[in-house]
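Novice: Which chain is which? The protein sequence lines are A and B, in order.
Quick note on the numbering used here: the first sequence kicks off at 448 and runs consecutively.
Quick note on the numbering used here: the second sequence kicks off at 11 and runs consecutively.
Among these hints, one or two may not hold up.
[Claimed, not checked] Computed beta-carbon distance windows for the label pairs:
{"hint": "1", "chain 1": "B", "residue 1": "A87", "chain 2": "A", "residue 2": "T606", "range": "22 to 32 Å"}
{"hint": "2", "chain 1": "B", "residue 1": "K77", "chain 2": "A", "residue 2": "E808", "range": "32 to 42 Å"}
{"hint": "3", "chain 1": "A", "residue 1": "K461", "chain 2": "B", "residue 2": "I96", "range": "33 to 43 Å"}
[To be verified] Examples of chain B residues lying across from chain A (beta carbon under 10 Å, computed):
{"hint": "4", "residue": "M27"}
{"hint": "5", "residue": "A28"}
{"hint": "6", "residue": "S29"}
{"hint": "7", "residue": "D34"}
{"hint": "8", "residue": "G36"}
{"hint": "9", "residue": "Q40"}
{"hint": "10", "residue": "A57"}
[To be verified] Listed below are several chain B residues computed to face chain A (Cβ distance under 10 Å; list not exhaustive):
{"hint": "11", "residue": "W30"}
{"hint": "12", "residue": "P31"}
{"hint": "13", "residue": "K32"}
{"hint": "14", "residue": "E33"}
{"hint": "15", "residue": "I35"}
{"hint": "16", "residue": "I39"}
{"hint": "17", "residue": "M42"}
{"hint": "18", "residue": "G60"}
{"hint": "19", "residue": "G62"}
{"hint": "20", "residue": "G63"}
{"hint": "21", "residue": "P64"}
{"hint": "22", "residue": "E65"}
{"hint": "23", "residue": "Q66"}
{"hint": "24", "residue": "G93"}
Simulated from the structure, these hints should not be mistaken for lab results.
From a predicted model like this one, the values you see are computed outputs, not experimental measurements.
All residues carry an ideal CB built from backbone N, CA and C; glycine is no exception.
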Amino acid sequence: MPAAAESDVVTAIKRLLREVAPQVLGVIVRRYRDFTACEDAVQEAFIAAAAQWPREGMPDNPRAWLTQVASRRITDQVRAEAARRHREALVVSLIPADEQIAHAADTDGATERDDTLDLLFMSCHPALSPASAIALTLRAVGGLTTAEIARAFMVPEATMAQRISRAKQTIKTSGVAFEMPEGGDLAARLGSVVHALYLMFSEGYAASSGTEIIRTDLSGEALRLTRMLHGLVPDETEVAGLLALMLLTDARRAARTGPVGEIVPLDQQDRSVWDRDAIAEGVELITRTLPKGRVGPYQLQAAIAAVHDEAATAAETDWPQILALYGVLARLSDNPMVALNQAIAIAMVDGPAAGLKRLDEVAADPRLAGHHRLDAVRGHLLERAGDLAGAIASYRRAAERTASIAERNYLLMQAARLRDVEKAGAAPTTG
Amino acid sequence: MKYMLMMNHPGKAPYQMASWPKEDIGRHIQFMMSFAAKLGAAGELVAAEGLGGPEQAKRVRAGDDGKPITDGVFPEAKEFLVGYWIIDVDSPERAYQIAAEASAAPGRGGKPLNMAIEVRQVMSPPPPDMA
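Bound-form chain A, shown alone (with noise of 0.2 Å):
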């Protein structure tokens, strides 16, 4: 059927002009500047390959095609706006030297990969704060739609396009945007690309209001970046540490929320509902990495994940590895989260008086100060210690103090379920 075939040819098209959108767009970039004029060169050239393509056929380089296009929208409209102007010279200084004559297409793949590292590299540059620079990457790197990333936040629209018009402006007036970093500031640039990812992807995995918006996949588009980015530079350990450890916590996204949209802890989790396949490729992947011997955070959370994931039940899972694992994790970074989560690994293995041990040095941290998380585990091995009455406390003190609904109607559950344990005096189920 005609028309089947050709919404075919269009499903590809559109595939296609997404995959080419961040090199085109760095291209230009780098060779332009201008970051709004060149979005809108590009999205030209996309609307007239969209137009033409389909009728004409698709061109052999078609990267190279949109490259040409763009470029020549952009020249056309510098052009046009200096003769306006009288000033052609504004044409000279905007374009580089060695492209003031006509230049071939880009067909070189190193050119390539440094044009998707640069948008990338741009888009979460370190002046930029991490929600701008999440929403910037979307657009730029991801290809999705200011539409597309306002739902993704739940904002208005007009609230998206003034964040990332801001963004960009605050990588114009930075003026360090467009330079490919160096040496050590390669790596620390490295480090805010990934921690923007990092955000992406948890931004998307925290379950949500439970309101029937349909929310863009967040997780998916950051696992789909990490796994570009990673391709551009794959002897990055923490890049491929990051590829793992979404990869393997995004293996048990079904399991993780019950029918009521509650939270399903670990430990409860219908280990059958994981995906396989996305385990075997972070496990896979995580211990090819590991020993390479640059060991970060992200490689340590990944491990951890994998120890987690390998295990058939939670009564089966290897606590002591987890344990010493966390022990490294907390030398290296100066988080609380990760002390919390040590102070429960402490109680998995030598029981639950010497994690609440843990967890009062823990306490002590001000920037632990009235946050839920701390109440939480509290509450969590409170239980395992028998203590019922002060657990229920601990629970419902975390749950006042979420700001996740999901979290605190899970918290009120617990509670809830503590004191039917209590009346019933049953003996506490640990667990």
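Fit chain B to the known structure of chain A by using the hints.
Specialist: Quick look at chain B alone, frame taken from chain A:
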């Protein structure tokens, strides 16, 4: 026309739900989820949010220097806002009907709470002949 439906929680105690048996909490949560889903599917839901507890609430005023002066917990409060829905419906009657449904959310033992839902019309843009 748009309406805001506000759910107020009586008293100073954080959540009355916290003292219910587990099944009752589950039933209440289930109701709230399917209520929002149903409004969404009917094209009547604009927004719905739950709010954090009153112990985290602050009252803020600008000082003479324009800097924020915050005021802590409110011991005098008789009730507090726990969440709201904004709906877009054809008539005020429909808004009241939806509010009544929310009011009858199941409480302890599955009995309807019959809590008070405050219904307020959301102001709209001026009519075309005034613009």
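Novice: Each hint should be assessed against the structure and marked as holding or not.
Specialist: Going down the list of hints, with the structure as the test:
Checked against the hint of 22 to 32 Å, the pair A87(B) and T606(A) passes, with Cβ atoms roughly 31 Å apart. Under the hint 32 to 42 Å, the C-beta atoms of K77(B) and E808(A), about 36 Å apart, fit the expected range. Distance hint check for K461(A) and I96(B): the Cβ-Cβ separation is about 34 Å, which falls inside the suggested range of 33 to 43 Å. Hint status for M27(B) relative to chain A: holds, with the closest Cβ pair at about 6 Å, below 10 Å.
A hinted interface residue such as A28(B) counts as satisfied when its beta carbon comes closer than 10 Å to some beta carbon of chain A; here the least separation is about 5 Å, so the hint holds. Here the hint on S29(B) is kept, as its CB sits about 8 Å from the closest CB of chain A, short of 10 Å. The interface hint given for D34(B) is met, as the beta carbon of that residue sits about 8 Å from the closest beta carbon of chain A, less than 10 Å. Look at G36(B): its Cβ gets to within about 6 Å of chain A, closer than 10 Å, so that hint holds up.
Interface hint status for Q40(B): upheld, as the beta-carbon distance to the closest one in chain A is roughly 5 Å, under 10 Å. Interface hint at A57(B): satisfied, since its Cβ lies 8 Å from the closest Cβ of chain A, which is below the 10 Å cut-off. Satisfaction of the interface hint for W30(B) is found here, the shortest Cβ-Cβ separation to chain A being roughly 6 Å, below the 10 Å cut-off. Proximity of P31(B) to chain A holds as hinted, the smallest CB-CB distance being about 6 Å (cut-off 10 Å).
About 4 Å separates the beta-carbon of K32(B) from the nearest beta-carbon of chain A, less than 10 Å, and the hint is met. For E33(B), the interface hint holds, since its Cβ comes within 10 Å of a Cβ in chain A; the closest pair sits about 8 Å apart. Annotation: I35(B) was flagged as interfacial toward chain A, and the flag holds, the nearest CB pair being 5 Å apart, inside 10 Å. For the restraint placing I39(B) at the interface with chain A, the shortest Cβ-Cβ distance is roughly 5 Å, inside the 10 Å limit, so the hint holds.
With its C-beta approaching chain A no nearer than about 7 Å, M42(B) sits inside the 10 Å limit, and its interface hint holds. Hint status for G60(B) relative to chain A: holds, with the closest Cβ pair at about 5 Å, below 10 Å. Among the interface hints, the one on G62(B) holds; its C-beta lies about 6 Å from the nearest C-beta in chain A, closer than the 10 Å criterion. Against a cut-off of 10 Å between C-beta atoms, the interface hint on G63(B) holds, since the closest Cβ of chain A lies about 5 Å away.
A hinted interface residue such as P64(B) counts as satisfied when its beta carbon comes closer than 10 Å to some beta carbon of chain A; here the least separation is about 9 Å, so the hint holds. Because the smallest distance between the Cβ of E65(B) and any Cβ of chain A comes to about 6 Å, under 10 Å, the interface hint for this residue holds. With 10 Å as the threshold, the beta carbon of Q66(B) comes within range of chain A, its nearest partner Cβ sitting at about 7 Å, so the hint holds. Hint on G93(B) holds. Least Cβ distance to chain A is approximately 9 Å, under the 10 Å limit.
Of the numbered hints given earlier, the model fails none.
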